[in-house]
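Engineer: Next come the chains, spelled out residue by residue.
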Amino acid sequence: MSELPKEEYLKKCTSACAGCSSTLCLRYVLKAAGPDTVLVVPACCTSVLQGIYPTTAMNVPVYNVAFAAAAACASGMSTAFSATGKKTNVIAYAGDGGTVDIGIQALSGALERGTNFLYICYDNEAYGNTGMQRSGATPIGARTTTTPGGKLETKKDIDRIVAAHEPPYMATACSAYPQDLYKKVKKALSIQGPKFIHILAPCPPGWRYPTEKTVELGKLAVRTGVWMLYEREAGKLTINGISKAAMKKPLPLEEYLSAQGRFKGISVEAIREMQLTLERNQRRLRNEEEGLC
Amino acid sequence: MFEIRIHSRGGQGGVTAAKLLAQAAFNDHKYATAAPFYGAERRGAPVVSFVRISDEPIKVYSQIRSPDLVVVLDSSVMDVIDVLNGIKPDGTVLINSAHAVTMDGHTTHHVDLTGIALSLGLVVAGSPILNTPVLGALAKLGIVSQESARKAIRGTFTDERNVKAAEQAYAEVTV
Amino acid sequence: MRERLALSTPGEGAAGKTGSWRVFRPVVDKERCNTCGLCGMYCPDGVISEDLTIDLEFCKGCGVCANECPKKAITMEREER
Amino acid sequence: MLTIATGNKAVASAAREAQPDVVAAYPITPQTEIVEQIANYVTDGSMRSQYIPVESEHSAMAACIGASVTGARTFTATSSHGLLYMHEMLHWAAASRLPIVMANVNRALGPGWNTWAEHSDAFSQRDTGWLQVYVATVQEAYDATLMAFRIAEHHDVLLPVMVNLDGFSLSHITQSLKTVKLGDFIPPIDLPHRIDTTHPVGYGPMTGPDQYFKFRWDIERSMRDAVKVIADVESDFASRFGRQYGQTEEYRCEDADVVLISMGTLGKEAEMAIDILRDEGIRAGGMRLRWFRPFPKLDLAGREVVVIDRDYSFGFGGVLAHAIRSTCRTDLYSVIAGLGGQEVTYDDIAEFVRSRKIGTEFWFGVTPDV
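Protein chains in written order, with the UniProt record's numbering: chain A, 1 to 293; chain B, 1 to 175; chain C, 1 to 81; chain D, 1 to 370.
Note that these hints are calculated values from the structure, not bench results.
Note that beta-carbon positions come from the ideal geometry of N, C-alpha and C, so glycine has one too.
Treat the hints loosely; a few may be bogus.
Within a straight-line C-alpha distance of at most 30 Å, the following computed BS3-like cross-link-like pairs (lysine-lysine) qualify [said to hold, decoys possible]: (1) A:K186 x A:K156; (2) C:K71 x A:K183; (3) A:K6 x C:K30; (4) B:K30 x D:K297; (5) D:K228 x B:K30; (6) A:K264 x A:K249.
Far from chain D by the CB rule (all over 10 Å, computed), these chain C residues [stated by the list, open to error]: (7) L5; (8) E12; (9) S20.
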C-alpha cells in the first residue's frame, strides 16, 4: 500500500450512501489521476454525492452534464485542452445507465473519433440514483423497481461493444480491489487516445445487502467468475491473476446470489442462464488470451 | 432588374451556371443573386435556378415568375415543363441545341453546348459540362461582359478548356 | 463576480456532518490492531486517517472497516443518543 | 474584400475570421455547406480550429459545452431537427453561461419531411436562454456571425448566441459579400469561470430550491443587459466596417399608418411590397425584426399592425404576433405564411396589407374561413 499516494481528492464527506463502493472507487481513481484532472459526470449517483451548492466534496474540477452527454462533453474538453497545449486528464465518470443505455451513442462516437480521454463506467447494475430501476447492465433474475419479478434478459455486454472500437486500452476492475483499480487508471492515463475502464461497484441498497459487505460482495463477484478482471492493451488481452485463479477454482455462483436480496426468488432457469453466460464469457476471454480467436 | 430562369436536369450544372452568371455580373459591378430552387429531386430530374441582375440592391427572394430570359440547358425538359411559363412578352430564350428552335414567337438563340463540351472532352462522370460554355453564349447576348465571364470561370475552375468552351459558345451562338 | 452559475467550492461537510447518519460506531481495539491499514484502504469515504484514527464527525458507520479487518480489531457498537 | 458567396459560405467565412478554438458540428440539410466549408478550411490550414466530427447534434452541443468551459472559443451550426435534438444541451449551454456561437439554418420540422425555410425550429428554442438574431442577406449572415462572438463573450452577457438564416432562400443563394479584416474587433476570449485545475470548483452541482432561482434571475438580468451590449457592438461594427444594424430594420416606417412586421428573408421581400403599397397611396412601412431574444421594445402606438409569422404555435397562434400583441399591447392582423418554404412573393405580402382585418388571423394559401 505504500506506493499509493496519500492525497485524498474527496473531502469529508460526500452524501453517498453508507458503504457506497463507487465512492471508494472514485477515491482511487483520483489518487491515480492527481490534481490536474477534470471529471465529467453525467446524471448518476456521483452527480448527487458531491454535496449541495455551495460546497462540494470533490477537490478536482467537476463538470456536471446531462445524462446522455458525458463522452461528447469530454470530447470537447479534451480537444480544447490539447488545442491550448494543456495535459489535463479528462475523465468521464459515469454510471451504467449513462454508459450502456442513454450514453452509448456519445461513448461510441468519442471512441471512434480517437478522443484522448478516459471513460470510466462504475456499474452498480441499475439506475441507482433514482432508486434502482433496471438498466441494460442489470443481470438476469435481479429484482429492481421496474423488474419486480426479476429481470428477464441478460446483462448487456458493454465490454464487447467497446472492444469492437479497438481502443488502445480497456480494462475491467472491481471496487473490492482498489489497488488494482489504481494501477489500471494510472496505466490508462499514460496512454494517448480513448481508454475505457468498467468497474463493478456493488450497491448496498440496490443489491440489498448489509453495508459492511460492500467489499466482500465485490470479491465474491470476482471469485465466482461473475465478474472477470482483465486488461486489453493495444489489442493484447491479459486476464488478471485473481480471475485466473477464480476460473480454475471458482466459488459457486449461489454464494454470490444468496448474499443479495435482489436475487431472492430467482428462478433455476435464470441461474442456469447466468452460469452459462459467465462460462461463455470466460471461455471467450481465455481463448482470446491464448490467441485462439 | 433583369431576371433569368435556367432550366436543366439534376447533375447538368444549372445551379453552378447560375452562380457563375451571378459572379460574372458581379464582376461587371452589378448587383446579382443566384438562387437554386431545390426540390426533392435527384439526379436527372428537372431543376430550375434563378439569376437576378440589377443596378440596385436586390430584395426579392421569391422565385422568378416573369423572366426576361429563359435558358434551357437540356431541351428534353421541355417535354415535361413549360419553360415559357410567365416569360415577359419581349422575353427571349437561349437553348442548348444543334438546331434552330422556334418558341412561340419569342426570339430564340441556340448553341450546341453539348457538342462544344464533347469536342473539347469536357465530360465529367459521363456528362458533358454545360455550365461553363453557357456563360460564353450569355456574354454574346450581352447579359455579362466576355471578360467578366472569363474571370468568373477561372475563379471557379482551373481547367482552361472551360474558358475555351465559353469562347467557342460565344462564337457559335446564334444572335 | 456575479453569481452567474452554481459553482461549488471544495470543502469539508459538503453533505453535512455525516457522522449523524450512524446507527453503529466503529470501535477499535488497539491491542488487536496490527496497523495493516486495510480499514483505511477500504473506507469508502476516506475518513480513516493515516494513523488509523476514525473521524467520527463524518464516519457514516457502514462497517466495512470492521468487516475487512483481518484481526477483528474493530467492532460496531450501537450509538447511544 | 468584395466577393460573392452563399449564406452558408458567408457564415463559414465569418467563423473562420473569428478563429474559434473548437468547432464541433454535425451535418444536416440545409446547413451542410457550413460544416463542409469549415472542414475544408481546417484541412487547407486557413482555419486553425480543432474540428470535432461528432456523431449527433446532441453530442455537437455537448462537445461545444465541454470545450467552452475550458475557456475556448467555440462554434457550431445546425438546422431544424438537429436543433431540436440539441434542445436539452441548449439549456445546458446557456445555464452554464457559455458564450457558444451557433448558426442555425431555419428549416421546417417533419413529418412530412421538408427541408425548406421556417422559423418554428428556432422559435421552439426561444426559452433556452440563447440570444437569437435573424438575418436577411448573405452580408448580414456574415456580419451577424462576427458580432455574435463579441456579444456572447462580453462579460455583461456570457450567454450563447444563435444566428438564424432562412434555409435555402438564404443559405443557398449567392449574393455579394464584403469580408473584413477583424483587427481587434473581437477581443481574446476571457471566460471568468473557465476550468482551472489549480482552483477546482464543481460546475452545476445539486442546487437546492433556496438557491436555484438566483441563477435563473441572473440569466434574465444578462438578457436585459445584452440589449445595450448588442447596441454597442453594432455601433462599433458600423464605425469600423460601415454597416449599421439594429434590433429592427425599418423601411419607410416614419410616417406609416400601417406597419408590416416580419423576420428573415420575408422582411426584405416585404420592402418591395411596401413600395407597391406606397405607389397605391397606402402609407405602409416595413419593420424587420432582427433580435428575437432579447425581444426588443417596439413603439407601434397609433399604427395598424400586420405581422407575418413563418411559424405557428398550435392551439394558440403565430409566435411573433403573440409576442408583439403582448409587449406592445396592440391588436393586429396575424398572417401565417411561408411555412415549409411556401412561396410568398411581394405581391402576396402587399395583398396581406391591403386586405388586413385587425384582430383576426389569416393562413395564407388556406381558405380564409378555416
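Engineer: Hint by hint, work out which the structure violates, then give me just those numbers in ascending order.
Structural biologist: 4, 5, 7
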